[in-house]
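Using the sequences and the hints given, assemble the complete structure.
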Amino acid sequence: MNDYVTDEQRVEELKKWWVENGAYLLGGVILGLALLFGWNTWRNHQESQRAAAYDLYTELSAAVEEQSLEQAKTLVAKLQQDYGATPYAALGSMALAKLAVKTTQYVEAETALTEAMTRGKQAELQEVARLRLVRVKLALKKPDDALELLSAEWPVAYLSLTEELKGDAYLQKGDRAAARTAYDKALLSATSGIEFLRMKRDDLGEETSTEAAS
Amino acid sequence: MLQSIRDKATGWIAYIIVGLISIPFLFWGIQSYLGAGGKRLVAEVNGEEISIEEFQRALQQQQQQLREMFGGKVPAGLIEGPEIKQSVLDNLIRTEVLRQYSQKAGFRVSDAAIVEAIKNIPIFQENGQFNAKKYALILAQQRMDKAAFEHQIRLEEQINQLPRMLTATDFLTAPDKQYYLSLKDQLREFDYIALLSEQFKANIQLTDAEIADYYQTHQDRFMTPERVKASYLILDESELAKSVSISDEELHRFYEQSLDMYRTPEARKVRRILIKVPETANEQEKEALKKKAEDIRTRLNAGEAFDTLAQSVSDDQLSAKQGGTLGWVQKGDFDPAFDAVVFSLPLGTPSEVFEDAQGYEIVEVTELRESEVKPFDAVRAQLERDLRQRKAEKILVEDSEQLLTLTYENPDSLEPAADALGLEIQTTDWFTRGEGAGVAANAAFRDAAFQGQVKNEGQNSDVIELEPGKQLVLRVTEVAAAAPRPLDDVQDEIRAILVEQRAREQATTQGEALLQRLHEAQKSLAESAQEEGLEILSGKVKRNDANLPKEALDKLFKLRHPTASSRMLTGFGLSDGSYWLVELKQVETPEITAEQLGGEAQAIQALADSYARRLLDAVYQVLVQRAEIKLYRESIE
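As you go down the protein sequences, you meet chains A and B in turn.
Just so we're on the same page, the numbering used here is the position in the first sequence counted from 1, plus 22.
Just so we're on the same page, the numbering used here is the position in the second sequence counted from 1, plus 119.
Read the hints as simulated data drawn from the structure, not as lab findings.
Values in this document were obtained by computation on a predicted structure and should not be read as measured data.
Even glycine gets a Cβ: it sits at the ideal position worked out from N, Cα and C.
Where hints are given, some of them may not hold.
[Claimed, not checked] Taking lysine-lysine pairs in the DSBU-like style, the calculated list, with each CA pair at most 35 angstroms apart, reads: (1) K661(B) / K120(A); (2) K320(B) / K677(B); (3) K207(A) / K677(B); (4) K143(A) / K100(A); (5) K253(B) / K410(B); (6) K163(A) / K659(B); (7) K143(A) / K253(B); (8) K143(A) / K195(A); (9) K163(A) / K303(B); (10) K674(B) / K163(A); (11) K510(B) / K207(A); (12) K296(B) / K124(A); (13) K388(B) / K409(B); (14) K440(B) / K409(B); (15) K207(A) / K195(A); (16) K265(B) / K204(B); (17) K164(A) / K704(B); (18) K661(B) / K704(B); (19) K677(B) / K124(A); (20) K164(A) / K303(B); (21) K195(A) / K659(B); (22) K642(B) / K195(A); (23) K677(B) / K164(A); (24) K589(B) / K510(B); (25) K642(B) / K677(B); (26) K163(A) / K704(B); (27) K296(B) / K120(A); (28) K265(B) / K223(B); (29) K207(A) / K674(B); (30) K674(B) / K164(A); (31) K195(A) / K704(B); (32) K303(B) / K195(A).
[Stated by the list, open to error] Some chain B residues near chain A, calculated using beta-carbon distances under 8 angstroms: (33) F290; (34) L506; (35) A737.
If you want it as structure tokens, here you go:
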């Protein structure tokens, strides 16, 4: 560049540059502002969505408390449809399942938990829904379904819970040897709250030659 | 101008300028790496820091809770050890993980829910109703900002949602409940023969050689413990107190010094009229209240009676009922402004209106009681006791220092110290590490005597404090080493041990042989018992039966159910030495009523709780495993 330019020349150059590039610059700034504004709006929208979903869930809890299944179903449908990305959708389905189990409508519970498991957006809640679905499958006397769900990949922390359910499923199928093995595994990795598990295991006794033969 | 900067800022000058400017940026934030001046951390959870201060605060809280739980007597290991630190750290990490998860997963709390939560906090309530004023007051006392407090509540609510909702949505299916109850209350019917080791003892013959052999091979079990005798010098504050001499002059001086203790302070009986100023009052309102008080003062001047006026206008409702009488007041009972007026007021004249912490006041003194001092003769005995005590304490401090010096400088003798202090050397009888009589009954005394240098090298011990006010130095004078007890003394002991051992062996051998015959003979336990001439017992029990040993119950309920084709016959030894042969006849499943299956039954509730707990633990573990956690263990050691 020429080192001998006057200030006037520089101003001229700037003006020229502005004519050529000004529009882009302005466009860039406006685009940036629009993005910022859009991001903020979206965030605010998301926050209010979540808070609204929470209120809806609170309403649902009351319906579950009063055992009005129809109302609960309506609310859960709304949660799933409008607020499907929030954790309240999955938890809502699980609340509905609890109510269904309480009134021994296991098929309803099966549907609700399947929905929580497949549509949920939070892996941690999906795992919980899957575990609960296994319980319901066992109540419906579908041990093969239960075993299939249990054969999927589970976090290590679930080992004692899943092995216990495997034991339940095998027992339902009449496979006492497999049930023993599963309960034993469950006991090995369990820490507390295992009175029932221990009783189930103990009641099977030890393997005998007659049993192995049959 | 721009031009000239540009002209000059070329070449190496420009580089230097840029270089200088960049220095602060280079080292920006370095203190957090160097440690000094930076925060010390105990952990990082996905890059979020947990500082050592947070950890200390949580630890103290936990320790405080434990202290309250144990009523001040906490086992030391419980509040100091590494376990509590680990559990506090785990909790902090878990809370942080939950906080981040609740944020990321989209758990939120609506404003309405926050309001509800705050309204439900009992300390903000009055008569079961939320009180906005109380809320503001308590926050102000805690120097807490409303917005910050509400943020805190919001955070807590948000964090608690996941565990709360997971627990609330957990369930037990009817078949599970049914199975649980049927196992829990299961009845097992069985026959059994208990071969008690006791039964075999009578027939066991032992030779002297066997006993001698056991004595030889288990010598370490038949030793007398090591014993010592000691001599000691003791300084006893209560003895010193008896021997101190005290002159009358000293007592008088002591009395003068401690006059304050024997003085009852000045008191005035006061009545008051209070015009209360609410804390929220503004200047105008205060002015109006002051005017009201002035008016009342004027009415007093005009001759209205203090007590009737107090009854009708005073805002201090308790005293108003008694004509404004507060009773006897001492300095410091009320605030300084009140004291200043009351303690300078002549008797029987109402004061002018003045302001104190409660509002505007008019007071009157109705009776006076001057400050009083108990005379010397009345407190002489107490004075003498106190002075003796005080002197004895002082002597003890001096003497024990001398005792320490002299026994340390002459480690092989107590005589110099005894001579210098005018003490008598006392002696003990034999005592062991574990027990002794007289002064040796004190564990601190025995511990000192059995210390290496004291016991083995015969040196003086350190000065030990037996109990407050009793200090002592001892030296061991005789040591009797641990020695084997003669065979004659321990023969009976050995015989008992061996008999017990043999009896147990025989019970087991016989039991196992019997079991073998039973299995082969295909006979029931009852038939065999009859043939063998053994007593047969039977029972029908639940798991928690109180009449059978717990061990036996555990074994019994671990047996496979008998079937038509395969009976359940077994044997096992118990820790009391008996051997049991058991035939499980029948397993009976109890009838489960609909009522028992209802969610409210206690047993069901406990089961539900335990499952919810296990699930929640699993979820917590999963969240922690999925987080990136850095631990700085050295910070908490």
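Exercise. Holds or violated: K296(B) with K124(A), Cα cutoff 35 angstroms?
Worked result: holds, 12 angstroms
Exercise. Within 35 angstroms, alpha carbon to alpha carbon, are K195(A) and K704(B)?
Worked result: Cα-Cα ~26 angstroms, so holds.
Exercise. Holds or violated: K661(B) with K704(B), Cα cutoff 35 angstroms?
Worked result: holds, 14 angstroms
Exercise. Regarding the pair K320(B) and K677(B), is the alpha-carbon distance no greater than 35 angstroms?
Worked result: Cα-Cα ~31 angstroms, so holds.
Exercise. Holds or violated: are the alpha carbons of K163(A) and K704(B) at most 35 angstroms from each other?
Worked result: Given pair K163(A), K704(B) holds - Cα atoms ~30 angstroms apart, limit 35 angstroms.
For this session: Would you check the hint for K143(A) and K100(A), treating anything up to 35 angstroms between C-alpha atoms as holding?
Result: Distance ~16 angstroms between K143(A) and K100(A) Cα, so the pair holds.
Problem set entry | Restraint check for K589(B) with K510(B), where alpha carbons must lie at most 35 angstroms apart | Holds: K589(B) and K510(B) sit about 15 angstroms apart, inside 35 angstroms.
Exercise. Is the hinted pair K265(B) and K204(B) satisfied, with a Cα-Cα distance of at most 35 angstroms?
Worked result: holds, 33 angstroms
Exercise. Is the Cα-Cα distance between K661(B) and K120(A) 35 angstroms or less?
Worked result: holds, 32 angstroms
Exercise. For the pair supplied as a hint, K677(B) and K164(A), is the alpha-carbon distance within the 35 angstroms limit?
Worked result: Distance ~28 angstroms between K677(B) and K164(A) Cα, so the pair holds.
Exercise. Does the structure keep K143(A) and K195(A) at a Cα separation of 35 angstroms or less?
Worked result: holds, 34 angstroms
Problem set entry | Given pair status - K659(B), K195(A), alpha carbons within 35 angstroms | It holds: about 30 angstroms lies between the C-alpha atoms, which stays within 35 angstroms.
Of the numbered hints listed earlier, those contradicted by the structure are 7, 11, 34.
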